[in-house]
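Asks: Each chain is listed here by its residues.
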Amino acid sequence: MKRIIFLFVLLLPLHGLAAERILALSPHACEILYAIGAGSEAVGAVDYCDYPETAKRLPRVGTYDRIHAEAAMALHPTMAVALNDRTPGIAALRRLGVRIVISRPETVRGVFDDIERLGRLTGHAAAAAKLADSLRGRLKQLEADRPALPPKVFYELWPEPLMTLGGKGFMQDVLVEAGARNVFAGLPMENARVSIESVMRAQPSIIIVPAGTRDVEARRQFWRHWLGDGIRIVTVDPDLLQRPGPRLVDGIVQLRRAVAGAAK
Amino acid sequence: MTGMQRLLASLLLLAVIVYLSLAMGDVWMQPFAKLSDTDATILWDLRLPRLLTALAVGGMLALAGAWFQVLLGNPLAEPYVLGVAGSSAAGAVLALFLVPDSAWLMSAGAFAGAWLGIVVVMFFAPLGRGSLLLAGVVLAAFWSAVIALLMALLPSRSLVLAFGWMLGDLSRSPLPLWLLWLVWGGALAAGLWLSRSLDRLLLGEKHAAALGVNVPQLRQRLLWLASAVTAVAVTAAGTIGFVGLVVPHLMRLLFGSLHRPMLIASAIGGGALLMFADALSRTVAAPAELPVGVLTAMVGVPLFLWLLVRRDG
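Here the protein sequences line up with chains A and B, keeping their order. Plus 1332 on top of the position in the first sequence (first one is 1) and you've got the numbering used here. Plus 565 on top of the position in the second sequence (first one is 1) and you've got the numbering used here.
Some clues are possibly wrong.
What the hints assert, rightly or not - Covered stretches of chain B (in silico footprint by chain A; criterion: 3 or more residues with CB under 8 Å from a CB of chain A, positions within the stretch not fixed):
(1) 588-596
(2) 660-670
(3) 721-728
(4) 731-738
(5) 839-853
Stated by the list, open to error - Label-pair restraints from in silico Cβ distances:
(6) A:G1455 to B:V592: 54 to 60 Å
(7) A:W1558 to B:W669: 14 to 20 Å
(8) B:S721 to A:Q1535: 27 to 33 Å
These are calculated hints, taken from the structure and not from any lab test. Even glycine gets a Cβ: it sits at the ideal position worked out from N, Cα and C.
With the rest of the complex left out, here is chain A (with noise of 0.2 Å):
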């Protein structure tokens, strides 16, 4: 009997082995794993996992561009979904044996691939697939109603010193799938510096406020003092848009109807 009960107990931690335990050291890889139902196999998080309500209880082992291996190794992770390979702790991670899996899509569409991958990887491919299909008809139904002349617009990413978008990167489908005319999108990067100067050149009709911590009210007297009364807002929630997970069509729906409504 105590023979058994002795092996009963070395075999106890096997019994963990059969689900993944599962890092997600960004805040969009977090939504998605909620979103596909592998929540509950998620150990640990980084800053600014907030959504949905759960993953706030996750043990936090960094930033999503700075791992703690040691906080993360406490958890005993079996995988991770990190943004970029080269991110600091990462390769600790690898050498441990914890299975290093990258998300960072580079276009909207690139989102739902992730989506589904990350559902095979888990164990949950049925509800990431139909996750995927739901979402990319959505987006379907919004490219078939593209308005045929975007509105042009100002992207502000960062008011000081002020940043904006260019022509590469994620964000710029984003915007094209909105219906908006990004003015800088001939810049060749991700984000730039630019000057008041250039934006006031560029002519947009419409400027994009991610709100959030911002002031949107200062922001609003700031554009009409360089631009004119007629410059209009519009406000984004960035967690929707700026985040390439399961929230970003509604992101792209929201902001879809704020560029539509102001540029009536």
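Could you slot chain B onto chain A? The hints should help.
Replies: Frame of chain A, contents of chain B only:
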């Protein structure tokens, strides 16, 4: 060339640089042509204030650099050598750490940090030149460590603000233009008032004392003056390197080591260099903007090396 001719040539060059800096940018503009409303706004409300800020800040940095060089008797001295820029940056980053998104509070933190740095340095003022310099360098290292610590703890979104400030930004000085010009002018006047004593200090502290200079008092005054001017410059535009190191040397090469002409030339030349570098920074990659500190070095280094070789070669 005589001194007068040199002065006239320099003033002409300054006028050309002012004109170029106004005209350069996203689009080339003729400042005196008839302009559309948008162009007029760009020229007079955006480019001109920025240019005037650059003139004052560059002038202040060059003056402070000249003073630190004579005060410490070291050609490698520059406005940030005693850690004032480091403490200022630490103050700015600390403010961001407490309230992540306030650019205004960051500037207040920078100013407070600069003064904290000055007060700390003042404890070491009675030391000899070499020891003061060493104390400053070590303090600068300490502030760097504080900055590194806070940066590691700072949320990523605040890093944009912090980096933007540390690389120098003339587009959003929190201090009013008239104040910058007042400090710039006041600093130059104070420098000229001290210029004879400074000339004597060039001979070494012992000789200066023999010639009737109250060396401890002069050092105290210089240290306060140079630090205060640096604090204002750093608060206005962040940490812009190179101007304060090279412009005084450049002006010594052109106008000699006597402080009266050299300080006037530095106050104006530093401004001109920074102004031109800033104009380039918003032109070369337009409509994207480059950090101004990159351009000051890229414009200033070849110019300086050329003059150095020409003098010694």
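Asks: For every hint, state whether the structure bears it out.
Replies: Verification of the supplied hints:
{"no.": "1", "hint": "588-596", "verdict": "holds (count 3)"}
{"no.": "2", "hint": "660-670", "verdict": "holds (count 3)"}
{"no.": "3", "hint": "721-728", "verdict": "holds (count 4)"}
{"no.": "4", "hint": "731-738", "verdict": "holds (count 3)"}
{"no.": "5", "hint": "839-853", "verdict": "holds (count 4)"}
{"no.": "6", "hint": "A:G1455 to B:V592: 54 to 60 Å", "verdict": "holds, 57 Å"}
{"no.": "7", "hint": "A:W1558 to B:W669: 14 to 20 Å", "verdict": "holds, 19 Å"}
{"no.": "8", "hint": "B:S721 to A:Q1535: 27 to 33 Å", "verdict": "holds, 32 Å"}
In summary, the structure agrees with every hint in the numbered list given earlier.
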